[in-house]
Amino acid sequence: MAPNAGAFGFFILWERFDGKMSRIKFFIDGFNVYHALEREVSYHKYKWLDYSKLASLFVRRQDQIVEVLYFTALANWDIQKVNRHKVFISALKFKGVKVILGQFQKVEKRCRNCHQHYYTFEEKKTDVNIAVELMKSAVKDEFDTAIIMSGDSDLVPAVEAVKSLFPAKKVGVVIPINWRAALLKQVCDFHMKMKEKHLKASLFPNEIDLGGGVKLSRPPTWR
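Counting in the numbering used here, the sequence shown runs from 17 upward without gaps.
Hints are computed from structural coordinates only; laboratory data are not their basis. Please note that the accuracy of each hint is not assured.
[What the hints assert, rightly or not] Simulated restraints on C-beta separations: (1) Ser58 with Leu117: 51 to 57 Å; (2) Lys216 with Thr237: 35 to 41 Å; (3) Lys102 with Lys213: 34 to 40 Å; (4) Lys231 with Lys201: 14 to 20 Å; (5) Val98 with Gln78: 38 to 44 Å.
[Said to hold, decoys possible] Derived EDC-like pairs: lysine to aspartate or glutamate, alpha-carbon spacing no greater than 16 Å straight-line: (6) Lys179 with Asp205; (7) Lys152 with Asp168; (8) Lys201 with Asp170; (9) Lys156 with Glu83; (10) Lys109 with Asp66; (11) Lys36 with Asp160.
Quick reminder that beta carbons are idealized off the backbone N, C-alpha and C, glycines included.
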């Protein structure tokens, strides 16, 4: 059973529903949440985040979380980032979270000030992967309510498509801390705001025992 979300003072617009148990599926935009935390140094410690626990804080007591999907990509040009990320992914999988990987693409850009060309990496496919999984899950009737954890307006068309084709299903959004997500709020059936108290309540322990002598340790830069 999920905890009583109302006890956390969340802004949840569930009143329009019938109060029956709802099958909930979460679609978490890993990089969107990551960059929200990256914006403020004091939030860096929350990168070690148990998304399974976090998701449970945003559902009603009578609801059932059927699956938590976490969408991300590995920064293969930076071995230290990759190693931290792999440890984190292992922790999420240990808690039953399904991880879906996208990719980074090297792109050429032009500096607006000096007009020099340079190369950088941009994360690709996350919004497409979320859209595809959201539609597939709706077609397979895997949820009554989908909850997206993201502030990315690129997901608006996917939400609109699911709501149009499956009017009986609900789609909500958890807006990451430091994001506004006005467009997503407009198209979703309800919205909730992630706050620091939710992050504090959802951290992994510094060390996770996987059994068999295998342990995962929190990266030093995430403490």
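Hint check:
The hint said 51 to 57 Å for the Cβ distance between Ser58 and Leu117, and at roughly 29 Å that hint is violated. The beta-carbon spacing between Lys216 and Thr237, approximately 19 Å, falls outside the hinted interval of 35 to 41 Å. Here the CB-CB span from Lys102 to Lys213 is close to 29 Å, at odds with the stated 34 to 40 Å. Between Lys231 and Lys201 the CB atoms are about 40 Å apart, so this pair departs from the stated range of 14 to 20 Å.
Judged by the Cβ atoms, the range 38 to 44 Å given for Val98 and Gln78 holds: they are separated by roughly 41 Å. Simply put, Lys179 and Asp205 have alpha-carbon atoms about 9 Å apart, close enough for the 16 Å limit, and the pair holds. The straight-line distance between the Cα atoms of Lys152 and Asp168 is roughly 20 Å, outside the 16 Å bound, and the hint therefore fails. Between the alpha carbons of Lys201 and Asp170 the distance comes to roughly 13 Å, so the proposed pair stays at or under 16 Å and holds.
Distance hint between Lys156 and Glu83 is fulfilled; the C-alpha atoms sit about 14 Å from each other, no more than 16 Å. For the suggested pair Lys109 and Asp66, the alpha carbons sit about 10 Å apart, so the restraint of at most 16 Å is met. Restraint check for Lys36 and Asp160: satisfied, since their Cα atoms lie roughly 11 Å apart, inside the 16 Å limit.
When each numbered hint is compared with the structure, violations occur for hints 1, 2, 3, 4, 7.
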